[in-house]
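Q: Residue numbers (the numbering used here), protein chains in the order written: chain A, 90 to 336; chain B, 90 to 336.
Treat the hints as calculated values from the structure; they're not laboratory data. Glycine residues also receive a C-beta, built at the ideal position from the N, C-alpha and C atoms. Heads up, some of the hints might be wrong.
To be verified - 30 Å max Cα-Cα, derived DSS-like pairs, lysine-lysine:
#  : chain 1 : residue 1 : chain 2 : residue 2
1  : B       : Lys144    : A       : Lys271
2  : A       : Lys329    : B       : Lys323
3  : B       : Lys323    : B       : Lys236
4  : A       : Lys329    : B       : Lys142
5  : A       : Lys329    : B       : Lys252
6  : A       : Lys323    : A       : Lys144
7  : A       : Lys179    : B       : Lys236
8  : A       : Lys313    : A       : Lys179
9  : B       : Lys91     : B       : Lys252
10 : A       : Lys252    : B       : Lys91
11 : A       : Lys313    : B       : Lys142
12 : B       : Lys144    : B       : Lys101
13 : B       : Lys329    : A       : Lys323
14 : B       : Lys142    : B       : Lys236
15 : A       : Lys313    : B       : Lys236
Stated by the list, open to error - Each pair of labels, with its calculated beta carbon distance range:
#  : chain 1 : residue 1 : chain 2 : residue 2 : range
16 : B       : Leu261    : A       : Glu251    : 28 to 38 Å
17 : B       : Asn256    : A       : Asn151    : 34 to 44 Å
18 : B       : Val310    : A       : Phe150    : 41 to 51 Å
19 : B       : Asn256    : A       : Ile295    : 18 to 28 Å
20 : A       : Glu275    : B       : Val310    : 21 to 31 Å
Number of protein chains: 2
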Amino acid sequence: MKIINQHKTIRKYTSRPISEELLQSILYSGTRASTTGNMQVYSVIVTREDEMKEKLAPCHFNQPMVREASVVLTFCADFNRFNKWCLQRKAEPGYDNILSFITAAIDALLVAQNVCVAAENEGLGICYLGTTTYMAENIIDILNLPKGVVPVTTVTLGYPAEKPPLNDRLPLDAVVHQEQYKDYTEADIDRIYEEKENLDSSKQFIEENDLETLAQVFTDVRYKKADNVAFSQKLLEVLKRQGYMNQ
Amino acid sequence: MKIINQHKTIRKYTSRPISEELLQSILYSGTRASTTGNMQVYSVIVTREDEMKEKLAPCHFNQPMVREASVVLTFCADFNRFNKWCLQRKAEPGYDNILSFITAAIDALLVAQNVCVAAENEGLGICYLGTTTYMAENIIDILNLPKGVVPVTTVTLGYPAEKPPLNDRLPLDAVVHQEQYKDYTEADIDRIYEEKENLDSSKQFIEENDLETLAQVFTDVRYKKADNVAFSQKLLEVLKRQGYMNQ
Chain A
90 MKIINQHKTI
100 RKYTSRPISE
110 ELLQSILYSG
120 TRASTTGNMQ
130 VYSVIVTRED
140 EMKEKLAPCH
150 FNQPMVREAS
160 VVLTFCADFN
170 RFNKWCLQRK
180 AEPGYDNILS
190 FITAAIDALL
200 VAQNVCVAAE
210 NEGLGICYLG
220 TTTYMAENII
230 DILNLPKGVV
240 PVTTVTLGYP
250 AEKPPLNDRL
260 PLDAVVHQEQ
270 YKDYTEADID
280 RIYEEKENLD
290 SSKQFIEEND
300 LETLAQVFTD
310 VRYKKADNVA
320 FSQKLLEVLK
330 RQGYMNQ
Chain B
90 MKIINQHKTI
100 RKYTSRPISE
110 ELLQSILYSG
120 TRASTTGNMQ
130 VYSVIVTRED
140 EMKEKLAPCH
150 FNQPMVREAS
160 VVLTFCADFN
170 RFNKWCLQRK
180 AEPGYDNILS
190 FITAAIDALL
200 VAQNVCVAAE
210 NEGLGICYLG
220 TTTYMAENII
230 DILNLPKGVV
240 PVTTVTLGYP
250 AEKPPLNDRL
260 PLDAVVHQEQ
270 YKDYTEADID
280 RIYEEKENLD
290 SSKQFIEEND
300 LETLAQVFTD
310 VRYKKADNVA
320 FSQKLLEVLK
330 RQGYMNQ
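Take the sequences, apply the hints, and build the full model.
A: Encoded structure:
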């Protein structure tokens, strides 16, 4: 599958806007994804206005894609609509728990990936923003998300203004297990990460940050324990506030 | 995008096996999905052996697809491999929290959807099994998943032996919001769910279960509060056991 196999994250976009017709068609492809029990317990928030991009940008650590992309899409787990339907139809919803949040998050993420594949098929470039779950509380306020709605990922969309090379991946057999999980030996780990560790970009990361290993770039710079713990506590608070922790 | 727009869940398969070459190519397409920081914190467990399908089937409420599909794929959030790498490289991983679990689950789900699109592009049929998160504990034991590894979804794969019609979806504007979330009025809910409620299949569900509304089929039969609460408690235990609740 050429579109999927040639996927590259695009962080630089031209100023060409995405037409409403194209966006609708891409979003429609999103909604064709499988969802649990066909409940469609997700929502997508479209951001086109500069004012809203300006508000969202700090939630994504001011990564320039948010301000520069033609469209920003926030994909949300959403039982609010379904719960309202239940209550209007003499049915008592029981979806205020962590299982239901995960169910809704799965729905939202399969839609997101369909949207990305459909967008790339139309010549657009996409970038996922992992910051969404870190800053969910702020995004909820900015996008006016009611109880039952939690943002799980964000995608920026635009016409590409860069042509990056294909990114490295671990060998396929490093992430695929036959019949049962075979845990990794020290030698396995050395083999699996060898190519990644030998990339020029990896060596540059280590040097720039004055570190000893590439793994330290992740643990000491990019995804630090203290940050993860703080954002985890915030995320649990968000799940409580949005009504998903009543098991 | 024809492949995506024509997606139908396939639950009946012919006995034709999926070749190893084809499976590898589909899984490769999976790994081209974006992942957070290109950490690839997921694993895929391939089930082909009848004995393993037999063990997994009860975890998926004995839905016949598990035994009948040529291949069953269990997609897992997996920080185990990454953590091992960190520890071998003088780096202290801080990924034993709920944020990291969600990060890894996102990785796994984007891979899963890529795999499904690639599979359908090759003429295969797919079915997602939402039971994975309900029965995660049992799946962990059967697939021998170590600490740091949690199954988040399962996909059955095979050559289609049925041609179901395209499934209904809510109107596009029901799941897409412009700039901010516009909460639903009673009239909105009536409009959004009208088509779904008027399907013959919906009327049949209501009659078969001797209920008054379609929403009650979800709340009283398919996804009951008592089940959700019980599975939520189990899932939280699993997250603790697998080392993701140390924030």
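Q: Which of the stated hints cannot be reconciled with the structure, identified by number in ascending sequence?
A: Numbers 4, 5, 7, 8, 11, 19 and 20, in rising order.
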